[in-house]
Amino acid sequence: MAGRLNLWRWVVLGLAALYFLVPLAASVVFTVDVPGEGVTFDAYTQIVSADGFTSSLVLSLELAAATIAVVLLLMVPAMVALRLGAPRLRPVVEVICSLPLVVPPIAFVAGIATVLKWGPDYLSRTPLFQTFVAIQNPSFPFILVLAYVVMALPFVYRALDSGLRAIDVKTLVEAARSCGANWPQALVRTVLPNLRGALLNASFLTLALVLGEFTVAQLLGFQPFAVWIYSVGGSNAQLSVAVSVLSLVVTWALLLTLAGVGGRDKTASSRG
Amino acid sequence: MTATLTRADVVAAASSKRRRRVPSWIAVVPLLVFVAVAFGVPAVAMLNGAFTVKNQTTGATSYSTANLTESLKGAYLTALIGSVKLSALAGALGTLLGLPLAQVVVTSRFRALREAVLTASGVLANFGGVPLAFAFVATLGNAGVLTTHLGLKDKGWDLYSFWGLVLVYLYFLIPLMVLTITPALEGLRTQWREAAQNNGATGVQYWRHVALPVLAPSLLGGFVLLFGSAFAAYATAAAMVGSSIPLITLQIADAISGNVLVGQENVALAMSLDMVLVAGLVMAVYLPLQRRSARWLDA
Numbered sequence: 001m002a003g004r005l006n007l008w009r010w011v012v013l014g015l016a017a018l019y020f021l022v023p024l025a026a027s028v029v030f031t032v033d034v035p036g037e038g039v040t041f042d043a044y045t046q047i048v049s050a051d052g053f054t055s056s057l058v059l060s061l062e063l064a065a066a067t068i069a070v071v072l073l074l075m076v077p078a079m080v081a082l083r084l085g086a087p088r089l090r091p092v093v094e095v096i097c098s099l100p101l102v103v104p105p106i107a108f109v110a111g112i113a114t115v116l117k118w119g120p121d122y123l124s125r126t127p128l129f130q131t132f133v134a135i136q137n138p139s140f141p142f143i144l145v146l147a148y149v150v151m152a153l154p155f156v157y158r159a160l161d162s163g164l165r166a167i168d169v170k171t172l173v174e175a176a177r178s179c180g181a182n183w184p185q186a187l188v189r190t191v192l193p194n195l196r197g198a199l200l201n202a203s204f205l206t207l208a209l210v211l212g213e214f215t216v217a218q219l220l221g222f223q224p225f226a227v228w229i230y231s232v233g234g235s236n237a238q239l240s241v242a243v244s245v246l247s248l249v250v251t252w253a254l255l256l257t258l259a260g261v262g263g264r265d266k267t268a269s270s271r272g
Numbered sequence: 001m002t003a004t005l006t007r008a009d010v011v012a013a014a015s016s017k018r019r020r021r022v023p024s025w026i027a028v029v030p031l032l033v034f035v036a037v038a039f040g041v042p043a044v045a046m047l048n049g050a051f052t053v054k055n056q057t058t059g060a061t062s063y064s065t066a067n068l069t070e071s072l073k074g075a076y077l078t079a080l081i082g083s084v085k086l087s088a089l090a091g092a093l094g095t096l097l098g099l100p101l102a103q104v105v106v107t108s109r110f111r112a113l114r115e116a117v118l119t120a121s122g123v124l125a126n127f128g129g130v131p132l133a134f135a136f137v138a139t140l141g142n143a144g145v146l147t148t149h150l151g152l153k154d155k156g157w158d159l160y161s162f163w164g165l166v167l168v169y170l171y172f173l174i175p176l177m178v179l180t181i182t183p184a185l186e187g188l189r190t191q192w193r194e195a196a197q198n199n200g201a202t203g204v205q206y207w208r209h210v211a212l213p214v215l216a217p218s219l220l221g222g223f224v225l226l227f228g229s230a231f232a233a234y235a236t237a238a239a240m241v242g243s244s245i246p247l248i249t250l251q252i253a254d255a256i257s258g259n260v261l262v263g264q265e266n267v268a269l270a271m272s273l274d275m276v277l278v279a280g281l282v283m284a285v286y287l288p289l290q291r292r293s294a295r296w297l298d299a
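Protein sequences appear in the order of chains A and B.
First residue of the first sequence: 1, per UniProt numbering; consecutive thereafter.
First residue of the second sequence: 1, per UniProt numbering; consecutive thereafter.
With the rest of the complex left out, here is chain A (with noise of 0.2 angstroms):
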């Protein structure tokens, strides 16, 4: 009985470790053995002066960097004082952050694109028609932070829900609120630090998704980092694959240091 189970657990591990690693290596050997010149790291080494690498990946950085602000700046606060007061509020502000997950990104971006149709048709002699213009500035468009904030909001929901259950808001507040601390200080020097850990898991998750997100900038037309792997493809496989594998690890490094810090979090918070 015990000898069959072990097979079985070993025949279950090693087909899941094939199915998951063999595409892994494969696209390594791809990149670096080119047929007709043998093993080559050419791929590798034109990376960095591909045309628009550079470009696309900070603007990819750009766009995290921002979203990752604004959703921090909305969320943190309506989260801690949801948890010191306006309970009633609490599931209005779940489902709001969880209605993201009913509309996929496809039909969100179709739905911002009809908005962003209405510039030209009807708004532009109006003052909103600069507005619109502005946030599509293809050097730094605005209208995709706005979209990956609402798209990263049940992530982040979950990461500060998480954190901000492990400690008690009311009573950290109040104990520096009578030491003579006042609301801005309580905030930033009291609970901050203590939701370090979902802070950070709420940022990478918010990392990850931007870096990766293709949907949404693709059929708005901008080209950030997943744009422009995609857009390669056409002409360098070699060049694309390699990109794809370097985004790979370095996305992973990313998500497993989250799982370092966080721990079991990670799990809690992906699910879903």
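Note that these hints are calculated values from the structure, not bench results.
Any given hint could turn out to be false.
Said to hold, decoys possible - Derived contacts from chain A toward chain B, CB cut-off under 10 angstroms, selection only: (1) M75; (2) P104; (3) A134; (4) L153.
To be verified - Here are a few chain A residues that sit away from chain B, every Cβ distance over 10 angstroms (derived from the structure): (5) D42; (6) L123; (7) V133; (8) F222; (9) S244.
To be verified - If you want the ones that stay clear, here's a sample from chain A, every Cβ over 12 angstroms from chain B, calculated: (10) S27; (11) Q46; (12) V48; (13) A65; (14) R125; (15) N137; (16) F140; (17) A166; (18) L200; (19) Q238.
For each residue, glycine too, the CB sits at the ideal point set by N, CA and C.
Mind docking chain B on chain A? Use the hints.
Relative to the frame of chain A, chain B by itself:
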């Protein structure tokens, strides 16, 4: 945000201490306003557009359900059915393959293996999109490493097909299943197995009469979640098959990019609404199931 709190603070300080509640309510307002603008406006625009029909000759617009009926006809219907078929199949396979993997991991004596597989699952479940598609193209595509070395092409293998997509989708669906089902498997008490064995049950009987009925809500919930995840996936399919496989996400993308007949622009919005309805249905099934399976885990 800091400014809001400061002003609220001044108000609170100026009035009596009973007015402390005011700031907590105010801090939620920016979030609500943001969601109303960034999420509410596009959602309303989608709804409005889905029900708006423009008369080509007069240019007048009117409300009707014509777009919705159109979105359930011809090529659009084929795409919707294709998406449902692909998601259902990939979801079912992901459920069936994820369960044994999670079971082996949960019952393993090696803590390190458990932690490693669960962490890797967390990473892989979030890994989709363009890099995943390219990794599989490099492995099993027409010039892929395995395709050329094993001569799979002569054996009729084609990655850019329905089954090819299923194979690729499983790469993020199986880990998602492992994550979803692990808490339920951890809730299976060893005492239950021992009790079943003491009563003379075989391993198969234990699974059929004890474990699977307890796991059923979680399994079904997991399947629904996998279905939803596969249904909404776009980047992987777009990077891999272009639009050679009829999928609703690819159809919508085509329509947004302007590849659509005059007068049918709003059909994309109607298709988006179809997708939202399906995703809403998925959530409506998933949440009660998750609550039901949580009952077994709390005890």
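Hints, one by one, checked against the model:
Because the beta carbon of A/M75 sits about 7 angstroms from the nearest beta carbon in chain B, less than 10 angstroms, this interface hint is met. About 4 angstroms separates the beta-carbon of A/P104 from the nearest beta-carbon of chain B, less than 10 angstroms, and the hint is met. Evaluation of the A/A134 hint against chain B yields a violated restraint, the C-beta minimum of about 15 angstroms exceeding 10 angstroms. Contact between A/L153 and chain B, as hinted, is supported at the beta carbon level, the nearest pair being about 7 angstroms apart and thus within 10 angstroms.
With a closest Cβ-Cβ approach of about 15 angstroms to chain B, A/D42 is found to remain outside the 10 angstroms limit, as its non-interface label requires. For A/L123, the requirement that its beta carbon stay farther than 10 angstroms from each beta carbon of chain B is met, with the minimum near 13 angstroms. Chain B leaves A/V133 outside its interface by the beta-carbon criterion, the shortest separation being 17 angstroms against a cut-off of 10 angstroms. The claim that A/F222 is not at the interface with chain B holds, since no C-beta of that chain comes within 10 angstroms of its own (minimum 13 angstroms).
With a cut of 10 angstroms on Cβ distances, A/S244 falls inside the contact zone with chain B, its closest approach being about 4 angstroms. With a closest Cβ-Cβ approach of about 4 angstroms to chain B, A/S27 is found to fall inside the 12 angstroms limit, against its non-interface label. Every Cβ of chain B is farther than 12 angstroms from the Cβ of A/Q46; the closest lies at roughly 15 angstroms, confirming the non-interface assignment. Every Cβ of chain B is farther than 12 angstroms from the Cβ of A/V48; the closest lies at roughly 18 angstroms, confirming the non-interface assignment.
Every Cβ of chain B is farther than 12 angstroms from the Cβ of A/A65; the closest lies at roughly 17 angstroms, confirming the non-interface assignment. With a closest Cβ-Cβ approach of about 19 angstroms to chain B, A/R125 is found to remain outside the 12 angstroms limit, as its non-interface label requires. Look at A/N137: its CB is around 17 angstroms from the nearest CB on chain B, clear of 12 angstroms, so calling it non-interface holds up. At roughly 17 angstroms from the closest C-beta of chain B, the C-beta of A/F140 stays outside 12 angstroms, upholding its exclusion from the interface.
The beta carbon of A/A166 is kept farther than 12 angstroms from every beta carbon of chain B, the shortest such distance being approximately 18 angstroms. Every beta carbon of chain B lies more than 12 angstroms from that of A/L200, the smallest distance being close to 15 angstroms; the non-interface claim holds. With a minimum CB-CB distance of about 9 angstroms to chain B, A/Q238 fails to clear the 12 angstroms threshold, and the non-interface call is violated.
Violated hints for the displayed structure, listed by number in ascending order: 3, 9, 10 and 19.
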